[in-house]
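*Asks:* Given these sequences and hints, build the entire structure.
Respectively, the protein sequence lines represent chains A and B. Quick note on this note's numbering: the first sequence kicks off at 1 and runs consecutively. Quick note on this note's numbering: the second sequence kicks off at 1 and runs consecutively.
Hint data in this document are derived by calculation from the structure and do not stem from the laboratory. Be aware that a few hints might be false.
When chains are identical, the list treats them as one kind, so a pair holds in a single copy or across two.
[What the hints assert, rightly or not] List of simulated lysine-lysine pairs, BS3-like, C-alpha gap at most 25 angstroms: (1) K95 x K65; (2) K105 x K65; (3) K65 x K43; (4) K43 x K95; (5) K157 x K57; (6) K57 x K43.
Protein chains: 2
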Amino acid sequence: MKVKYPYPSINNVVKTHHRFQSQGMYFEDALNLSNEYYRNINKAIIYKKPTPIQVVKVDYPRRSKARIVEAYYQTASTTDYNGIYRGKYIDYEAKETENLSFNFKHISLHQMQHLARIDEQNGLAFVIIFFKKVNRVFLIDIKPFLKLYHDGLKSIKIADFEVLGAEAKIGFSPPIDYLVAVDKLYF
Amino acid sequence: MKVKYPYPSINNVVKTHHRFQSQGMYFEDALNLSNEYYRNINKAIIYKKPTPIQVVKVDYPRRSKARIVEAYYQTASTTDYNGIYRGKYIDYEAKETENLSFNFKHISLHQMQHLARIDEQNGLAFVIIFFKKVNRVFLIDIKPFLKLYHDGLKSIKIADFEVLGAEAKIGFSPPIDYLVAVDKLYF
Chain A
1 MKVKYPYPSI NNVVKTHHRF QSQGMYFEDA LNLSNEYYRN INKAIIYKKP
51 TPIQVVKVDY PRRSKARIVE AYYQTASTTD YNGIYRGKYI DYEAKETENL
101 SFNFKHISLH QMQHLARIDE QNGLAFVIIF FKKVNRVFLI DIKPFLKLYH
151 DGLKSIKIAD FEVLGAEAKI GFSPPIDYLV AVDKLYF
Chain B
1 MKVKYPYPSI NNVVKTHHRF QSQGMYFEDA LNLSNEYYRN INKAIIYKKP
51 TPIQVVKVDY PRRSKARIVE AYYQTASTTD YNGIYRGKYI DYEAKETENL
101 SFNFKHISLH QMQHLARIDE QNGLAFVIIF FKKVNRVFLI DIKPFLKLYH
151 DGLKSIKIAD FEVLGAEAKI GFSPPIDYLV AVDKLYF
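*Replies:* Right under this line is the structure:
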């Protein structure tokens, strides 16, 4: 896993944006670049949390750094992204789908519970979903999201996101200007 | 690295607390248990971020989960802990020392810069330090911390923490009741 540093060159942002537009870029990378962009202009300080890894065995070869030789990916108990925006704690999970609806099986109960707890504490808690087929990104606050889940729905259609959520513009720089959608949802 | 889940048994908290009192417990574990305690009583939602690891090679043996066979620890570009408390974004770095003063060489410039940026965004940003020799824990807001750093000091003495910071009580449950000190510093 790459760790991105706070000050990428503009060239880097532009290049990777084009890759996102042409479907060759991962949604996660586009979000990471957007967060770098927001940090660069001091709009928000938001990072992706590292993937949790259980380290089992480490070698310490002479004259070189510790080398992990046995480890396993762990299931995250929280969400992918958190930070601060407009003085508020912000926390979200990012998902992508090939379908024209979002199926609840793609998000864990742990993650929904975590977002519900953040909402209770007056943080901004939402899910951001990339619909690959139509190249559209939607945000939905955890409250309507959980309502539909508790209503027994299997999935949420794009048409529902248009009513209940807010669409994030895919643009030049940042690749996904999702804080404009956050403004619409919360401010 | 273990991942802690939101609802540990009380027994677990008590047991590990005793280990902390007798110097056998790591400061990090004591903080993690304190954060579990705070989550259990819905006082705050704060987690330690996973350690960033660069994965180089993964094996996918048949009928078992992906096994990472080459990976390296990376330097964190931000801090160890963040979350939400009293509706505010909270972010801190935890350090421990054998000495009776805290030497600035134990914290990276990246981490100080990150905390300064959180402070600019009106988040709660501080350093929490465990002085092993005297079994005392102090919090200091990033502003006085950085002032002393920019004044050219090499280290900060416990006596200075008593004036500029707030002491966190080491107790029964949670092991380190540091949010009381956060209240003193910020609320």
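*Asks:* Take the hints in turn and mark each one as holding or not.
*Replies:* Now the hints, each set against the structure:
no. : hint       : in the structure
1   : K95 x K65  : between (35 angstroms within a copy, 22 angstroms between copies)
2   : K105 x K65 : between (40 angstroms within a copy, 20 angstroms between copies)
3   : K65 x K43  : neither (36 angstroms within a copy, 40 angstroms between copies)
4   : K43 x K95  : within (23 angstroms within a copy, 29 angstroms between copies)
5   : K157 x K57 : neither (45 angstroms within a copy, 38 angstroms between copies)
6   : K57 x K43  : neither (41 angstroms within a copy, 36 angstroms between copies)
When the structure is compared with the earlier hints, violations turn up for hints 3, 5 and 6 and for no others.
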